[in-house]
Each structure stands twice: as C-alpha cells, then as structure tokens.
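Turn these sequences into a full structure, and let the hints steer you where they fit.
This is what each chain is made of:
Number of protein chains: 2
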Amino acid sequence: MTEGLTIAEAAERLGLSTDALRYYERDGLLLRPVGRAASGHRRYSAPDLRWIELVTRLRSTGMTIRDVRRYADLVRAGDGTEADRLELLREHRRTVLARLAEVQDHLGAIDHKIGLYTEALEAREQGPGAA
Amino acid sequence: MTEGLTIAEAAERLGLSTDALRYYERDGLLLRPVGRAASGHRRYSAPDLRWIELVTRLRSTGMTIRDVRRYADLVRAGDGTEADRLELLREHRRTVLARLAEVQDHLGAIDHKIGLYTEALEAREQGPGAA
DNA sequence: TTGCTCCTTGGAGCGCGCTCCAGGTCAAGC
DNA sequence: GCTTGACCTGGAGCGCGCTCCAAGGAGCAA
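Going down the list, the protein sequences come from chains W and L.
Okay, so the first sequence: first residue is 1 according to our numbering, each after it adds one.
Okay, so the second sequence: first residue is 1001 according to our numbering, each after it adds one.
Don't read these hints as lab results, they were simulated from the structure.
Since this is a predicted model, take the numbers as computed values, not measurements.
Even for Gly, the Cβ is constructed at its ideal location relative to N, Cα and C.
Worth double-checking, as some hints may not be accurate.
[Claimed, not checked] Covered, in the sense of this in silico footprint (three residues per stretch, anywhere, with C-beta under 8 Å from a C-beta of chain W), are these stretches of chain L:
1) 1029-1036
2) 1075-1087
3) 1102-1115
[Stated by the list, open to error] A short list of chain L residues far from chain W (calculated; beta carbon distances all over 10 Å):
4) Leu1016
5) Thr1018
6) Thr1118
7) Ala1120
Below, the structure is given as structure tokens:
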C-alpha cells in the first residue's frame, strides 16, 4: 500500500509543470526528497502536497526561489527556528503589501486613462452633432 | 534655448536607470527617439517624461515590454487606433485585477500562518505554566 | 517481441528585462 | 593642452525561473 500521486498527478493538482516539481526538489525547496515507488518513480504524499502548496503561495506572491529555500531550510532545521521563520514571513508580508499598494496606485492611473478613451470613443459614436 | 533633462536627470526623476531608458528607446517603447543636444546627448522633454511615466505604470503593473511596445505602436499610428488602444488597456486591467485577487488570496493564507506562528511563540514566551 | 507510455537523470537552452562593458566623442575647467 | 566627467554606440553578459532534450529504464498490451 505505497500511496501517493505520480509526478504528473501532483503537477496537475498543484497547477505546476512536472519540470518545475523536479526543479524545486533539486533546488532544495522541499523539506526532503519525495518518496519513490519500487520503480524509482516519485510518489507525492499528502504532506508533500501541502508543503508544495505553501511554496506556490509564497512563489505566486512574489517570493524568490532563493527566499523560499531559506524558509525551507529553517523549517528543515526544526525547533528553535520559529522566530526566524516568522520574521521571514512578516518581512515577505510587508513586501507584498507595498507591492499591492503600488500596483493599485498605478492601476488607478490606468483606469483614468481608460475612462478618457471610453468617453472620447462614446462621443464619437454618437456623432459630433449630438448635444 | 534647447530645453530638456539629461538622461541622468530623467532617470533620477523617473526612478529608472539610464541603461533602461536607452533600452526602452532602442526597443520601440517610446513614441519617437528623444531629442538631442548639439553634442548628440539626449534631452528629455516634458512630453517624453509623461509618456515614459505611463510606460513605467504599465510595466510596474506587470505589462510585458512586448505589450508596451504594441501600445506605443498604436499611439504612434495615430487616429483610428483608439479602440484598439482601449481594448489593450482594458485587457491589461482585467489581467492586473485577476493577479491582484490571486495575490490577496495567497497573502490571506500566509497571514493565517503568521498568526499561528505568532500565537505559538507568544505562548512559549509566557511559559508553559501559564493558564 | 515490439511498441507504447510514463518515468528517470544531467545538463543545455531560453525568454525576459535589463545591466555592463569597451571604445569613443564632446565640453568644461585647470 | 590635458584631464575629467557625462554621454554616446553596439553588443555581450547575466540572474531568474523554469523548460526542454537526449538517453535510458520499467511496466503493460497486443
């Protein structure tokens, strides 16, 4: 009863490519190498999937591969690293919030431009003669 | 009275590097080549700066160089491309909003994790004997 | 046995967006 | 006249994050 998903199944479920999964493992982003079936093929367990899901959350909020690895290193080191992990996450949070604010600000300006184009085009559609 | 900022001044004001400014120009992101002083040095006019400011807004909301160039191409083409420009901006807006929502969702999960670590560390600080 | 699919590894390659560099010009100051 | 510094050009290089490839193995069906 050696359970677990194949790399293709794990990739599908996580929304990653199989190449990315192997790359993450090689690059030290996982807590430990994923288990193998007798054939040598990878088998992803539920804890593997949960961890990789966190990795994708960190990645998709803009954390670099390097920093995800730093975080994984801390978790791997075990007890006593909790304060460091927390600080890393908090620092990331600050970065993400700043980035969000910046994007929202710029998007506001772009929205304004969209409004101007929209008005101009609507005026044209109604014809120059419309009051 | 040939006015305009030097490339270093423009870079400073726009928060870009001089290399990036030259790269944008070479790559067709500007509406036209920036003017030159008699010495051959670039001089950035107010309209140049306004346009590049828009470029940085598009860039920093995640628009690719390629798409900024497409937008610049449309503006350069002049009258009759307004609908296309609008559609490009609206499409970008949709992309940015989707991305913002995704990041906020992931950030929520990370916040939750921060909360867990914080609680655990606070409990530890107060000592295991605290009721 | 052949063929097919899915997996393995190590390593090369790639698209993006700059960034850096070499070699040269020009203007100003000493 | 000479040095300094800002700028010029074309092109190479780089860090990131994958992505792709070649060569090979295991399992299963016809």
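Hint by hint, which ones does this structure get wrong, listed from lowest number up?
Those not satisfied are hints 1, 6 and 7.
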